Amino acid sequence: MTGSTGLWVLAGTLVAGLVVGVLLHLRNGRIRTTDDSAPAGLPEPVAAALAPAPAVTLVQISTTFCAPCRHTRAILSHLAERTEGLAHVDLDVTDRPHVAQDLGVLRTPTTLALTSSGRELLRVSGVPKAQELLSALEPHLVPRVERGSHSQGG
Amino acid sequence: MSAGPAVDPRGPRFAAVVTTVVLAVVLVTGWWPLLAAQTVVFAIGAFAGLRLAPYSVLYRVLVAPRLKPTSEREDAAPLRFAQAVGFVFALVGTIGYVSGVTALGIVATAFALFAAFLNAAFDFCLGCEMYLLVRRFTPRTEQAS
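Chains as they are written, first to last, in the working numbering: chain A, 1 to 154; chain B, 1001 to 1145.
Watch out, some of these pointers could steer you wrong.
Claimed, not checked - Label-pair distances were calculated between CB atoms; the ranges are:
#1 11(A) <-> 1057(B): 29 to 37 Å
#2 1134(B) <-> 26(A): 22 to 30 Å
#3 1067(B) <-> 28(A): 19 to 27 Å
#4 44(A) <-> 1058(B): 42 to 50 Å
#5 1062(B) <-> 47(A): 49 to 57 Å
#6 26(A) <-> 1037(B): 35 to 43 Å
#7 98(A) <-> 1052(B): 14 to 22 Å
As the list claims (entries may be wrong) - The following residues of chain B were derived to be distant from chain A, with all beta-carbon distances above 10 Å:
#8 1036
#9 1037
#10 1060
#11 1063
#12 1067
Said to hold, decoys possible - With the Cβ distance kept under 7 Å, some of the chain A side facing chain B (calculated, not the full set):
#13 21
#14 64
#15 65
Calculated directly from the structure, the hints in this document are not laboratory data. Quantities reported herein were computed from a predicted structural model and do not represent experimental measurements. Glycine included, each C-beta is placed from N, C-alpha and C at the ideal position.
The shape of chain B in the complex, shown without the other chains:
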């Protein structure tokens, strides 16, 4: 399984900052189209790859040229998994807002914001860490080799 080439670790950090701001605006305004757009952003990062993820593109075009290049690289797999976790929360949130169950929209958005904020402020990837927890509550299906 290839998750794509390793990336400049400052890219995901930048993406986390943008995500934090977007989700904060969603919470304050309750404007669901913005959350829907963020859901699509998560989906692209998770399922199409980081190279195509809008915030990564933004980072490469706008931010990276102004920074010193770094040889540091970060694996793409954890990042994509975290984007997938974000996607689930954003999707649930959008459904909540659209269907009028605003409480659901707020709670789901708050969870996604919580994770994005931890990533932006502390460089702590909650989505990545959740992998074992998620697996713990799923039945022991295929146990490779």
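Next comes chain A alone, as it looks inside the complex:
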């Protein structure tokens, strides 16, 4: 009798795992744009990390216990390096989980795009896809140097 109960639980658990796994996979890296509502006061470590205007800062919330955070850090720092007006900060909140709590961040990595005044443009949970993130940020970035071939001088 225990056997058949266990068998049903096993089947149910695996189905639940499949569903959750697929959902997580679909949600990973999805970009959510945030309302323009005034910032409700950013936690101090976040406010301190913002780059000066007119740059946009990608604030990545990480913990020591997060494997995809390392991956995310590599993607975002590379993106910030080659994008003008974009900065990247990796904030480890292992010892200060209240920072994540104040931001409403439940899982790591979560990345917030913030203006220098602390206005949240969008957030991404999971490992971001660089190209999608870049096109979502494009309208908020300082107009870049003329398109086309690498402009010389000017």
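Given the structure of chain A, go ahead and fit chain B onto it with the hints provided.
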């Protein structure tokens, strides 16, 4: 705090597959000694380090020599935290089975299986992700610096 050297990421994935199979067998058979053994396996990974964790040893001895070496490395800290989460569930499950509260044993084992399966099939470390959630429900004690 050092959690030990970074590891070949395929090792933990292999361990997750073995763990999934073991926990599935426990659910079907209700044979508590196997769950107790898995509890010890979790404990070694969490508290003694990944190098000593039985499934990691198995991976290094049996599997790794047959695979191409990889330079990819994964931090040990998240993995050990996840092993600790697994340990708690397996321990509760074992206590459930042994004490005759079979429902508790089944539920706790199912949770551990759920996490191991997500890790094995989707490379998603539920235990790692749970860190912030766990902390959210613990009082704000020491706030380092």
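Outcome of the hint check:
1. 11(A) <-> 1057(B): 29 to 37 Å: 31 Å, holds
2. 1134(B) <-> 26(A): 22 to 30 Å: 25 Å, holds
3. 1067(B) <-> 28(A): 19 to 27 Å: 26 Å, holds
4. 44(A) <-> 1058(B): 42 to 50 Å: Given range 42 to 50 Å: holds, Cβ gap about 47 Å.
5. 1062(B) <-> 47(A): 49 to 57 Å: Holds, at about 51 Å.
6. 26(A) <-> 1037(B): 35 to 43 Å: 36 Å, holds
7. 98(A) <-> 1052(B): 14 to 22 Å: 35 Å, violated
8. 1036: 16 Å, holds
9. 1037: Given that every Cβ of chain A is farther than 10 Å from that of residue 1037(B), nearest at about 17 Å, it holds.
10. 1060: 19 Å, holds
11. 1063: Given that every Cβ of chain A is farther than 10 Å from that of residue 1063(B), nearest at about 20 Å, it holds.
12. 1067: Its Cβ never comes within 10 Å of chain A, the nearest being 20 Å, so this holds.
13. 21: Holds: closest Cβ of chain B sits about 4 Å from residue 21(A), inside 7 Å.
14. 64: 5 Å, holds
15. 65: Status holds, d = 4 Å.
Of the numbered hints listed earlier, the single one contradicted by the structure is hint 7.
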